[in-house]
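Number of protein chains: 2
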Amino acid sequence: MNSIQELQLRIDDAFSAIRFPSAPADLYDPITYTLGLGGKRLRPLLVLASCQMFGGEIDDAINPAIGIELFHNFTLLHDDIMDEAPLRRGKESVYKKWNSNVAILAGDTMFAIANKYMLRTRPQAISQVVELFNQTAIEVCEGQQYDMDYEKQHNVSITDYMEMIRLKTAVLLAASLKTGAIIAGAGAVDCNHIYDFGINIGLAFQIKDDLLDVYGDQEKFGKVSGGDIIAGKKTYLYLKALESAGSQSESFRALYASHTIPSQEKVMKVKEIFNHLTIEQHTRQLIDDYYQKALQNLSCISLSVEAMEALSDYTAGLMEREN
Amino acid sequence: MNSIQELQLRIDDAFSAIRFPSAPADLYDPITYTLGLGGKRLRPLLVLASCQMFGGEIDDAINPAIGIELFHNFTLLHDDIMDEAPLRRGKESVYKKWNSNVAILAGDTMFAIANKYMLRTRPQAISQVVELFNQTAIEVCEGQQYDMDYEKQHNVSITDYMEMIRLKTAVLLAASLKTGAIIAGAGAVDCNHIYDFGINIGLAFQIKDDLLDVYGDQEKFGKVSGGDIIAGKKTYLYLKALESAGSQSESFRALYASHTIPSQEKVMKVKEIFNHLTIEQHTRQLIDDYYQKALQNLSCISLSVEAMEALSDYTAGLMEREN
Numbered sequence: 001m002n003s004i005q006e007l008q009l010r011i012d013d014a015f016s017a018i019r020f021p022s023a024p025a026d027l028y029d030p031i032t033y034t035l036g037l038g039g040k041r042l043r044p045l046l047v048l049a050s051c052q053m054f055g056g057e058i059d060d061a062i063n064p065a066i067g068i069e070l071f072h073n074f075t076l077l078h079d080d081i082m083d084e085a086p087l088r089r090g091k092e093s094v095y096k097k098w099n100s101n102v103a104i105l106a107g108d109t110m111f112a113i114a115n116k117y118m119l120r121t122r123p124q125a126i127s128q129v130v131e132l133f134n135q136t137a138i139e140v141c142e143g144q145q146y147d148m149d150y151e152k153q154h155n156v157s158i159t160d161y162m163e164m165i166r167l168k169t170a171v172l173l174a175a176s177l178k179t180g181a182i183i184a185g186a187g188a189v190d191c192n193h194i195y196d197f198g199i200n201i202g203l204a205f206q207i208k209d210d211l212l213d214v215y216g217d218q219e220k221f222g223k224v225s226g227g228d229i230i231a232g233k234k235t236y237l238y239l240k241a242l243e244s245a246g247s248q249s250e251s252f253r254a255l256y257a258s259h260t261i262p263s264q265e266k267v268m269k270v271k272e273i274f275n276h277l278t279i280e281q282h283t284r285q286l287i288d289d290y291y292q293k294a295l296q297n298l299s300c301i302s303l304s305v306e307a308m309e310a311l312s313d314y315t316a317g318l319m320e321r322e323n
Numbered sequence: 001m002n003s004i005q006e007l008q009l010r011i012d013d014a015f016s017a018i019r020f021p022s023a024p025a026d027l028y029d030p031i032t033y034t035l036g037l038g039g040k041r042l043r044p045l046l047v048l049a050s051c052q053m054f055g056g057e058i059d060d061a062i063n064p065a066i067g068i069e070l071f072h073n074f075t076l077l078h079d080d081i082m083d084e085a086p087l088r089r090g091k092e093s094v095y096k097k098w099n100s101n102v103a104i105l106a107g108d109t110m111f112a113i114a115n116k117y118m119l120r121t122r123p124q125a126i127s128q129v130v131e132l133f134n135q136t137a138i139e140v141c142e143g144q145q146y147d148m149d150y151e152k153q154h155n156v157s158i159t160d161y162m163e164m165i166r167l168k169t170a171v172l173l174a175a176s177l178k179t180g181a182i183i184a185g186a187g188a189v190d191c192n193h194i195y196d197f198g199i200n201i202g203l204a205f206q207i208k209d210d211l212l213d214v215y216g217d218q219e220k221f222g223k224v225s226g227g228d229i230i231a232g233k234k235t236y237l238y239l240k241a242l243e244s245a246g247s248q249s250e251s252f253r254a255l256y257a258s259h260t261i262p263s264q265e266k267v268m269k270v271k272e273i274f275n276h277l278t279i280e281q282h283t284r285q286l287i288d289d290y291y292q293k294a295l296q297n298l299s300c301i302s303l304s305v306e307a308m309e310a311l312s313d314y315t316a317g318l319m320e321r322e323n
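So the sequences go chain by chain: A and B. Mind the numbering: the first sequence is residues 1 to 323 in the working numbering, read in order. Mind the numbering: the second sequence is residues 1 to 323 in the working numbering, read in order.
Be aware that one or more of the hints could be misleading.
If several chains are the same, the list does not tell them apart, and a pair holds so long as it fits within one copy or across any two.
Mimicking SDA-like on lysine to any residue, the simulated pairs with C-alpha atoms at most 20 Å apart in a straight line are [what the hints assert, rightly or not]:
#: 1; residue 1: Lys293; residue 2: Gln248
#: 2; residue 1: Lys116; residue 2: Ser127
#: 3; residue 1: Lys152; residue 2: Ala23
#: 4; residue 1: Lys116; residue 2: Ile4
#: 5; residue 1: Lys91; residue 2: Asn2
#: 6; residue 1: Lys152; residue 2: Glu250
#: 7; residue 1: Lys40; residue 2: Pro262
#: 8; residue 1: Lys266; residue 2: Leu42
#: 9; residue 1: Lys233; residue 2: Asn101
#: 10; residue 1: Lys116; residue 2: His72
#: 11; residue 1: Lys293; residue 2: Ser258
#: 12; residue 1: Lys152; residue 2: Leu211
#: 13; residue 1: Lys96; residue 2: Glu84
#: 14; residue 1: Lys40; residue 2: Tyr150
#: 15; residue 1: Lys96; residue 2: Val189
#: 16; residue 1: Lys116; residue 2: Gln128
#: 17; residue 1: Lys97; residue 2: Val267
#: 18; residue 1: Lys91; residue 2: Leu318
#: 19; residue 1: Lys152; residue 2: Tyr28
#: 20; residue 1: Lys152; residue 2: Asn99
I should point out that these hints are in silico values taken from the structure, not numbers from a laboratory.
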């Protein structure tokens, strides 16, 4: 039985060992660069932890774990073009460092390479693993499309928003966990429970991201407080405040969308309204609701509490972060 | 045994039956639009014809055939962004009709959908079919990168060019044929012969495309004669002329790259040089060399001449086109 830290080392070693061809340089250099930016590598960890938990072999899961991380990095490459994001993990994004065409084609190549990694597992698991992987990829694309649609759309409901973050973020965490379970040969019912656990954890994580942007311990977070407010990004906090603002909702909408008010003043004013409407408490409650649902999903799995301890302790740790 | 026309009908019926979700509209409308543009659907035909030739079931091959065509259309969507091509099959390209972001994301989704189609075949063939599909996708991306590189590069050799068109065009035709063979359960040696046949046919087709742009029967071709010359595109004819031009090569290079000379005058002058250097004859000889190699590959396959007649007649017909 490997600890979470041992699994993380295993993943880092696997990534360190990957070598891409040297030519054509404008195709493979951006891929090497992207993987060199690192990141938490949460998704491959979920693949391995889930596989181990269900009694599977890490050797059978390591390549699909790499495949899912490659896919995640591919989506970031393309998202950065669409969002015109100049930075990724504190460094220039591929689209900015090279150009859009390079980011498009390097991304396409990463997706194809990712699919090849998904095949390197137990023969009996291949079909289900690759099907889940590509179905999830479709859903992630749907989530990105809704995200772009909602930026321009006036009347986004909280239900719309939750469905968008389910697609854009939660399904890939859920698919990572289910992939590990499939490879371990877990039963269909357990596979669905671990998937649902991933969905609920994913929703909780994303809403916590929204919360910490405004109410996080900024010194540790390393980000400017209220970045989402300054950008006018439609987050759960904003949509909940809009819903609760009653007759003030139109003036609040105008304030939030404004790019003429100085940043610090805008953050202060929006935060005052959030505080008045007890948005922090609402949001923490919702995060906890999803977390409790996730624990409920875990408890339905036909394994002992001890067998699931590594995964549940690890996700509990992620839930507790305040930065 | 189905005729080529019957296989074409089968493919058209399969495409007609495909329905995509209605939302998000900006994700799925461009996919429906792209498939509605039609096209020759050569690649799925090669999958089915090869599968049938090796004694396989069309039902096992139809979904991977669709997958390969979806992949091909995805590459066109992304290529049109990179090449800033406003038209595709006589209609607005997706990137022009919507925008680049829509074309990027719809393309990504098509690639994921394509991978799902590749899985719908005989269980024993899945792993090999999906591996070949994604390896081919990587090579097609490499080909597109070389194509973009060579546009800016001064000293492109004929060897470079042949390798570029092998990757960009020939490998997908070869993979289509090999996919049909794998699904039919053909042996590894026969799979390699049919793949090599596809490579040589693909190279012959692409060079014929280059040739017909200058020496085609333009009335039937429906294109302006010399489009490649006007655009200054590095084709086999250009590279061969450059190699043969000796001391005149620098002035020829300047003429070919010029965008200031009126189009018709440029085409006339370049064609004069081509004629002087007997480029048409050289090119027709090379096309025939590749075609003969392809026939040689076919003759190595452990099937009767009769069994291979449908495929060899069909490709012979494609080779004969003069428009």
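Is the C-alpha distance from Lys91 to Asn2 at most 20 Å within one copy, between copies, in both cases, or in neither? neither (33 Å within a copy, 57 Å between copies)
Cα distance capped at 20 Å. Does Lys116 pair with Ser127 within a copy, between copies, both, or neither? both (12 Å within a copy, 10 Å between copies)
How would you label the pair Lys96, Val189 (within, between, both, or neither) given a Cα cut-off of 20 Å? neither (45 Å within a copy, 46 Å between copies)
Intra- versus inter-copy proximity for Asn101 and Lys233 (alpha-carbon distance at most 20 Å): Answer is between; shortest inter-copy Cα gap is 19 Å, intra-copy 27 Å.
When no copy is named, should Lys152 and Ala23 be tagged within, between, both, or neither for a Cα gap of at most 20 Å? For Lys152 and Ala23, the Cα distance is within 20 Å only across copies (16 Å; inside one copy 40 Å).
Using 20 Å as the alpha carbon limit, work out where Lys40 and Tyr150 are close: within a copy, between copies, both or neither. The answer is neither: 28 Å in one copy and 38 Å across copies each exceed 20 Å.
Homo-oligomer pair classification [Gln248, Lys293; C-alpha up to 20 Å]: neither (33 Å within a copy, 77 Å between copies)
For the identical chains here, do Lys152 and Tyr28 meet the 20 Å Cα criterion within one copy, between copies, both, or neither? between (35 Å within a copy, 18 Å between copies)
With identical chains treated as interchangeable, where does the CA-CA distance between Lys293 and Ser258 reach 20 Å or less: within a copy, between copies, both, or neither? neither (37 Å within a copy, 67 Å between copies)
Intra- versus inter-subunit Cα pairing at 20 Å for Lys91 with Leu318: Cα proximity of Lys91 and Leu318: none, with 24 Å in one copy and 50 Å across.
Identical-chain pair category, Lys40 with Pro262, by Cα at 20 Å: neither (33 Å within a copy, 57 Å between copies)
Reference check for the pair Lys116 and Gln128, CA-CA at most 20 Å: within, between, both, or neither? Both: 14 Å inside a chain and 10 Å across chains, each within 20 Å.
Hint violations for this structure: numbers 1, 4, 5, 7, 8, 11, 12, 14, 15, 17 and 18, all remaining hints satisfied.
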